[in-house]
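Spelled out, the chains give:
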Amino acid sequence: MRVILTAGPRKNPFIPVEAETIVPARFLQGVDGITVAAGNRILPLTDVFLVEVEGTAADPSGVEVVLRGDNSRLKRIGEYMEAGKIRVEGNIGMHCGNFMKGGEIEILGGADGWLGREMRGGRILCHGNASHYCGSGYRGEKHGMRGGYLEVRGNAGDFAAEYLAGGEVVIRGDCGDMPGVEMKGGTLTIHGSCTRPCGNMTGGTCTVLGSARGMLPTFRRTGTVVHEPGGVILTRFEGDVANRGKGTLLAREWQYTL
Amino acid sequence: MTELLVKNAFVIDPLNGIRGEVMDIAVRDGWIVESVGDGAEVIDAAGCLTLPGGIDSHTHICGTKVNFGRYMMPEDMRAGRTQRRGVMHSTSGYSVPTTYGNSYRYCAMGYTSVLEGAMAPLEARHTHEEFAATPLQDTMANTLFDGNWPVMEAVRDGDVKRAAAIVAWTLAAVKGFAIKLTNPGGSECWGWGKNVHCIREMVPYFGVSPAEIIQTLIRANEMLRLPHSVHLHCNNLGVPGNYTCTIGSMDLAPDLNPDRQSLYLTHVQFHAYGGTSWKDICSKAEPVAYTVNRKPQITIDMGQMMFGKTTTMTADGPMEFNLYRLHHNKWSNHDVELETTSGIIPVYYSRTSVVNCVMWAIGLELALLVKNPWQCLLATDNPNGGPFIKYPEIIALLMSRRYREEELKTLAPGTHSRITLPSLDRELDWHDIAVMTRAGQARALGIRSIGKGHLAPGAEADIAIYPIRVDKTDPSRQYREVIQAFQKTAWTVKRGRPVARDGEILVPGVNKTIWARAKVREELDMGRDPEFARNFDRYYTVRMSNYPVQDVYLQRSLCMESEAQL
Amino acid sequence: MIVRDVICPFCACLCDDLDVHVEDGRVTGVDNACDLGSHKFMTDHRMKGPVRRTASGWEEIPLEEAIRETAELLEAAERPLLYGWSGTCGEAQSAGVHLAELVGGVIDATTSVCHGPSILAIQEVGHPGCTLGQVKNRADVVVYWGCNPQHAHPRHLSRYTTYADGFFVRNAFKERKVIVADIRGTDSTNLADEFIRLQPGGDYAVLGALRAIVRGKGDVVPPEVAGVSREQLYRIADLCKTAKYGAFFFGMGLTQTAGKYKNIRNAIELVDELSRHTKWTLTPMRGHFNVYGFNEVCTWMTGYPYAVDFARGMAFYNPGETTAVDILARKECDMCLVVASDPAAHFPAEAVEHLASIPVVQLDPFPNLTTAFARIQIPVAVSGIDADGTAYRMDGVPLRLHRVLDRGYPDDAGILLEITRRITGGGSR
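Protein chains in written order, with our numbering: chain A, 12 to 269; chain B, 154 to 719; chain C, 3 to 431.
Please keep in mind that the hints were generated in silico from the structure rather than gathered at the bench. Fair warning: this is a prediction, and the values are worked out from it, not measured in the lab. One or more of the hints may lead you astray.
Once the Cα atoms are required to be at most 27 Å apart in a straight line, the calculated DSS-like pairs of lysine-lysine come out as [as the list claims (entries may be wrong)]:
#	chain 1	residue 1	chain 2	residue 2
1	B	K462	A	K153
2	B	K314	B	K672
3	A	K153	C	K219
4	B	K347	C	K176
5	C	K179	B	K347
6	C	K333	A	K22
7	C	K179	C	K243
8	C	K246	B	K347
9	C	K219	B	K347
10	A	K195	C	K219
11	A	K195	B	K462
12	A	K112	B	K462
13	B	K462	B	K432
14	C	K243	B	K347
15	A	K195	A	K257
16	A	K195	A	K153
17	A	K257	C	K243
18	A	K112	A	K195
19	A	K257	C	K219
Pairwise CB distance ranges (calculated) [what the hints assert, rightly or not]:
#	chain 1	residue 1	chain 2	residue 2	range
20	A	T233	B	H481	20 to 26 Å
21	C	P225	B	T397	51 to 57 Å
22	A	T233	B	N482	26 to 32 Å
Ideal placement from N, C-alpha and C gives every residue a C-beta, glycine not left out.
Can you build the whole structure from these sequences, using the hints too?
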């Protein structure tokens, strides 16, 4: 079953639309009754999207939802999703795939903040850039992402993988400030560069294959490792000792200055 | 004139000796009367257990510390959100709900009066602001005197009259209800990062012991003829082996008042631990309950702990810091100049933890081992032992041995040898529960005289009507039904008006605050005492004239006045 | 007439010992206040009455009409923003939160551009705090980090720290050590026994290094951290550990520089670490006199201290998403009610640009930069001068503001309740 949602023109395209209802499983019961919230108004899904349904499916894993048009203000799609696939043919708004447990989300464009927030399982692939707090947690919560695989082909903003507790985050480009801050488990791999990685980390492994500037003064250097593939030599740190930390930070280049 | 008739109610009203009778309750203008006219609104309570409105004699729902619990925990706030609906505001929060959340959830459970367990006098205005936003209950505030400098100086000087006079001035100034001592003396020590560990240790500089503070204020309290007794949170909360300290504190209380206890000890579960460390902690509910059984001058509340997520918040600052070092979770602390302190940390009570399992058992043991239900009231020290929405489960546990056995099976291995609960057969009955959740509270708090906690003509018409047939329910077996019934009333009536129906709130409501003023002779009026005023303006950072809480903060105010005997 | 013990409605020190001289309905003199507070009492150029912008300029309109039009704008909006709140009393803030809930709007305070990061940090690790009298009576070491109290909170030092003698500290100036951390010398750093001069953006690293040293792991710390020598860091750590009572104050030099809330978190965790050795507390130097009051009111009503989105009929909180600057910069809101603040003066250009494109209603006693963007402005009484109400000091102590004179203006709370009544049609709420 393939559900194609094409965003139509809106009178005020800047007002965010919350659409936690857009998860593959929901479409097994048809399109009727599905609503979204545009600002403080509740609207039928069909007021916001042109909806086309092709074929049928027996269970959520057989459902693919395709989003077209401008969805840069569309929030919370794929929330708690357990199976099936969402494919976004463009940019997507905040909190895409939050609490996701299974299935797959592919974003051909970029993603706004909190991509894969508190993710538990499944896969997210973002071909463009992701904004701040990609793969992170919620305010005040002790655990961020706990499982699953999140990959960003472009760059990520600040605080990527904050409170990472499990699963794998891969950023092919650069990260902003403080990736992996407070991380306690899982793995974070940054193919590009970043500033001030892993402040206060207590566990998990972060690898920076570019350069880490503003390296924090509270990590203990414990030798080098050879990173495969490519045989790149990385400096190995343990920390954050400011916080009884036992995390591992590996960096190809690093410097204390910003 | 508005009239209401609750018909065919199955009534248990312990303060009036009614142990279960089918009767009608007539209400006029908020008060229970002998009869009403034909035009009265009628609630048919046939088949429903009908009790006086519930009273919580120790809960944390309003004020600086409670609000800081919300402030620092957006994760708890998002765990309990409801939408704006009808007259109901939106609510947030699971263990520390917003004021509306507390009010609606208590109301749905039939609770109509609550006592905030700890108010720092300097921050009283805050508590009263939140009371005003707790629209469906009458509220009272325990007022903290545990580290009060002028009081400690009077205690040191052996001047019980001056201590009483300071209490009288402060209670009237901040519109407080009763004297609360939280870890007496310990809060002053915590100003230096230290603590006292039992009642005979000395507080640095002030040269007084917790025992002296407790004894002096018990006497001062009775000299002031305050409605409630001294309300004590003992020293050494949550420390293995602390039961001796608790029993020692009980032994300090003389029997001074024929109408109620002379000392109320709160959340005693946290104070009935044996052992020497977390490794060998065990229950000492037996010796503690035995002490209560032979001292009619003592009333306690359970401080029951229930498994799951909650937040601990108390004026016991040093204890919270120790908990923080144990849990490494977030920790807040707030010391209040010349008065007291407080601390907050979130916790998770787990069935896989032997310590938590022992705690769970102790609360229940206390309630089952104290012979007289009037001396052991039902509470969790909300939210410290668990949020108050768990009360129905506690009621069911007390009424059903079978339910306890089911639960005992789920506890961590190694628990059974440290507790006595498995050997306790006692099952409380409906009357016991009515005592432990309203009548006992009204007596202990001294508010029967203003019409609280009973249903005879002259009482305020606060009525909880629960959808359960007492004659057709065996609580021992049907504990699930008991839980369900106590979770949601069919009707809650407050001040003569139906305010909730099947858990839905029907009216916006207006809070009433009950406070105490003891009238003292002019020469003992601290407002005119030059030394008191001089030290006030010197050591506080607010002027004495800006300290008292103005009348405008109390939407409805009920002042319980007494003539002090100083 | 002299009104005694008046509470100053300027900064969050809420000094409550002012004597205000009033003659003929005007303030003629203020004793005990700092220049900032005094100036606020003496300022006199208020707007006369409500005004509405027309094609040709401002027109005066009756209050009734201003309220009606505001209510209509709020009701029509799909994403209204209700912003400001720090310069008014708790009663108005409470009415504002109810109004936001009623119209499904977003309510946010100036907190989000000052100490919002402090709150985010507290939400991660908590807050070991105290009332200011604890500091006055006990502290022998005081830290000011990223703030200049001499300028922003002029009486903070004389009432609570450097010059404030207390019960256990009889001669504060002699017995109390002061540590100041800043990126440049200021009037406050001149008072310091230890001046930590750090490079811009270096706060997080320096605080982390101090934590490591206090934990006995100083060996990992390089010889210099963000311009501060390891020797000085050891000296500071030692001073802090051997204090009898330490008090840590911080300002926007810490909250609004790189890393923002993570800086504060590091400061809090330093204080937590020091609490294992001796007594330490921490207090944010809140700015506006009742900015903390908004956080308190909003928290007991909604569960969250600021940045609350009611679009879905229940409270949602996520600073960075539901904060005023972000909502404006993303052009989300279609109407804005500004109460007791001046966003046009403090917000980034992109946010202000959006303000210019939507209907704005402002409740404020004075014309300010935001007036230039307003469709309607309703002048109100000044809280703490001609209106009373509740305010919360930076340490959480609630005080009742005085009304020292009557100028005939309505107060914020009254107008907000009237707007609410219009929308509910006078219902029981």
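Evaluation of the provided hints:
At most 27 Å may separate the alpha-carbon atoms for a hinted pair to count; B:K462 and A:K153 meet this at roughly 14 Å. In summary, the hint linking B:K314 to B:K672 is supported, as the alpha carbons are separated by about 13 Å, within the 27 Å threshold. Of the supplied pair hints, the one linking A:K153 and C:K219 holds, its CA atoms being roughly 25 Å apart against a limit of 27 Å. Proposed proximity of B:K347 and C:K176 is supported: the alpha carbons are some 25 Å apart, at most 27 Å.
For the hint linking C:K179 to B:K347, the alpha-carbon distance of about 22 Å falls within 27 Å, and the restraint holds. Our distance criterion of 27 Å between C-alpha atoms is met by C:K333 and A:K22, whose separation comes to about 13 Å. Among the hinted pairs, C:K179 with C:K243 is consistent with the structure: their alpha-carbon atoms are about 13 Å apart, no more than 27 Å. Of the pairs offered as hints, the one joining C:K246 and B:K347 holds, with about 11 Å between alpha carbons and a cut-off of 27 Å not exceeded.
At roughly 25 Å between alpha-carbon atoms, C:K219 and B:K347 fall within 27 Å of each other, so this suggested pair holds. Proximity of A:K195 to C:K219 is assessed by CA-CA distance (about 20 Å); at most 27 Å being required, the pair is judged to hold. Annotation: proposed proximity of A:K195 to B:K462 holds, straight-line Cα distance about 21 Å (limit 27 Å). At roughly 23 Å between alpha-carbon atoms, A:K112 and B:K462 fall within 27 Å of each other, so this suggested pair holds.
At most 27 Å may separate the alpha-carbon atoms for a hinted pair to count; B:K462 and B:K432 meet this at roughly 23 Å. Restraint check for C:K243 and B:K347: satisfied, since their Cα atoms lie roughly 15 Å apart, inside the 27 Å limit. For a cut-off of 27 Å, the pair hint linking A:K195 to A:K257 stands: about 9 Å separates their Cα positions. Taken as a hint, the A:K195 and A:K153 pair is honoured in the structure, with Cα atoms around 10 Å apart against an allowance of 27 Å.
Distance hint between A:K257 and C:K243 is fulfilled; the C-alpha atoms sit about 25 Å from each other, no more than 27 Å. Of the supplied pair hints, the one linking A:K112 and A:K195 holds, its CA atoms being roughly 20 Å apart against a limit of 27 Å. Only pairs whose Cα atoms come within 27 Å are accepted, and A:K257 paired with C:K219 is accepted, the gap being roughly 14 Å. Here the CB-CB span from A:T233 to B:H481 is close to 24 Å, well matched to the stated 20 to 26 Å.
Separated by about 54 Å at the C-beta atoms, C:P225 and B:T397 satisfy the suggested range of 51 to 57 Å. Range check, A:T233 to B:N482: about 29 Å between beta-carbon atoms, so the 26 to 32 Å window is met.
When held up to the earlier numbered hints, the structure conflicts with none and fits them all.
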